[in-house]
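Visitor: Those protein sequence lines, which keep their order, are chains A and B.
Residue numbers for the first sequence follow this note's numbering, so the first one is 3 and each next one is one higher.
Residue numbers for the second sequence follow this note's numbering, so the first one is 278 and each next one is one higher.
If you're looking for bench data, these hints aren't it; they were derived computationally from the structure.
Incorrect hints may appear among the rest.
What the hints assert, rightly or not - Which stretches of chain B does chain A cover? Using the computed rule of at least three CB atoms under 8 Å from a CB of chain A, they are:
| # | segment |
| --- | --- |
| 1 | 322-328 |
| 2 | 365-371 |
What the hints assert, rightly or not - In silico SDA-like pairs for lysine to any residue, Cα to Cα no more than 25 Å straight-line:
| # | chain 1 | residue 1 | chain 2 | residue 2 |
| --- | --- | --- | --- | --- |
| 3 | A | Lys-184 | A | Asn-107 |
| 4 | B | Lys-322 | A | Ile-180 |
| 5 | A | Lys-127 | B | Met-297 |
| 6 | A | Lys-184 | A | Asp-87 |
| 7 | B | Lys-312 | A | Leu-65 |
| 8 | A | Lys-74 | A | Asn-5 |
| 9 | B | Lys-291 | A | Asn-107 |
| 10 | A | Lys-74 | B | Arg-330 |
| 11 | B | Lys-291 | B | Leu-362 |
| 12 | B | Lys-322 | A | Glu-62 |
| 13 | A | Lys-127 | A | Lys-37 |
| 14 | B | Lys-312 | A | Leu-123 |
| 15 | A | Lys-37 | B | Met-297 |
All C-beta atoms, glycine included, are put in the ideal place defined by N, C-alpha and C.
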Amino acid sequence: MLNYIWFGMMAAAVVVGIFTGRIEAVTEAAIDMAKTAVTISIGLIGIMALWLGIMKIAEESGLIRIIARALKPITVRLFPDVPADHPAMGSIVLNMSANMLGLGNAATPLGLKAMEELQELNPHKDTASNAMVMFLAINTSSVQLILPATVVALMGGVASQVFIPTILATLCSTIAAIVSVKVLERRKRFALPETAVEEDTGREGDET
Amino acid sequence: MIDVITGTLNEVAKYIIPAMLVGIPLYALAVKKVKVYEVFVVGAKDGFTIAVRIIPYLVAILVAVGMFRASGSLDLLLRALTPFLNLIGFPPENLPLALMRPLSGSGSLGLLTDLVNEHGADSMPAKIGATMFGSSETTFYVIAVYFGSVGIMRSRHAIPAGLIADAVGALAAVYFCLLLLS
Chain A
3 MLNYIWFGMM AAAVVVGIFT GRIEAVTEAA IDMAKTAVTI SIGLIGIMAL WLGIMKIAEE
63 SGLIRIIARA LKPITVRLFP DVPADHPAMG SIVLNMSANM LGLGNAATPL GLKAMEELQE
123 LNPHKDTASN AMVMFLAINT SSVQLILPAT VVALMGGVAS QVFIPTILAT LCSTIAAIVS
183 VKVLERRKRF ALPETAVEED TGREGDET
Chain B
278 MIDVITGTLN EVAKYIIPAM LVGIPLYALA VKKVKVYEVF VVGAKDGFTI AVRIIPYLVA
338 ILVAVGMFRA SGSLDLLLRA LTPFLNLIGF PPENLPLALM RPLSGSGSLG LLTDLVNEHG
398 ADSMPAKIGA TMFGSSETTF YVIAVYFGSV GIMRSRHAIP AGLIADAVGA LAAVYFCLLL
458 LS
């Protein structure tokens, strides 16, 4: 999927760029964005270190486990493949709470921590597990209780008017995300690869 | 009434990060006798590796999105989708933002700024735009960073599911604004 989208976007950009006479801008954008990507990543180091440090303390003190247990009734339904008191559940809940409260800086490190813990449970290291896709889908459509600071700055006093529509719209998109993940994960074209164990025995059979 | 709720929430939000920064170590130290400083440093070490690990994935996604935006392909896509969107009553002023939102955070913030400057903050296009902006995330960025951090190459149904959710969110933003604010 990502292969086609990635190549498609670049190919479309070059073809359209030639026709619209913006091919130089396309080249410039490619080089600029490559630099931007590194700036963003390097900029993340400090914030990541801060939150991962605090999270380690929360983990050692058992706080993550307490949080994971408190929201067990919801999380076990969304992530049936993840053991209910696994640390991943705690990180997932914390990431979602940070998103809801509009704490973008804290949300990313918490989310990446959750991904790392989900990866430990993932039998196919290069392929997304069902739990990972569900987590990402909820994350990208996440319910927000607090308007982004940028919106408040731009809209001024009108910002409070869009508060309720924003919550309702995120609610709809989150429900759509959960439903579409559950429906799509059963489709054949998105199926998980055969388990590694089976692949290995198959290969042995061929050799003998 | 709503003013009070949003005001309070934004006021409370100011204290959440400081409360976490002090509250978590306090609990660990007082209740569980965790060596907080040493444990913090052990956890913080991962910050560097994770940030560096996502670089190639982020370069791949941001370069493709940047080229796509610079070429004017988005305008082309816009023109192709307009007849269909007119059919379902989607306001044409908000379409560029709806298409930009999953691709680029800074790009969609720019478009929202344009809407506010052009129509005024109190106008329907600006309100719908602000709702759209606030109600979704930069899907492609999140997918690149999150999967990149653990080396996932095959994203399976993550992109289709994310885009369906974005489309539903954009439509919901339009209809709730028209329903509640006009």
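Visitor: Tell me the numbers of any earlier hints that the structure contravenes, in ascending order.
Guide: Violated: hints 2, 3, 4, 5, 8, 10, 11, 13, 14 and 15.
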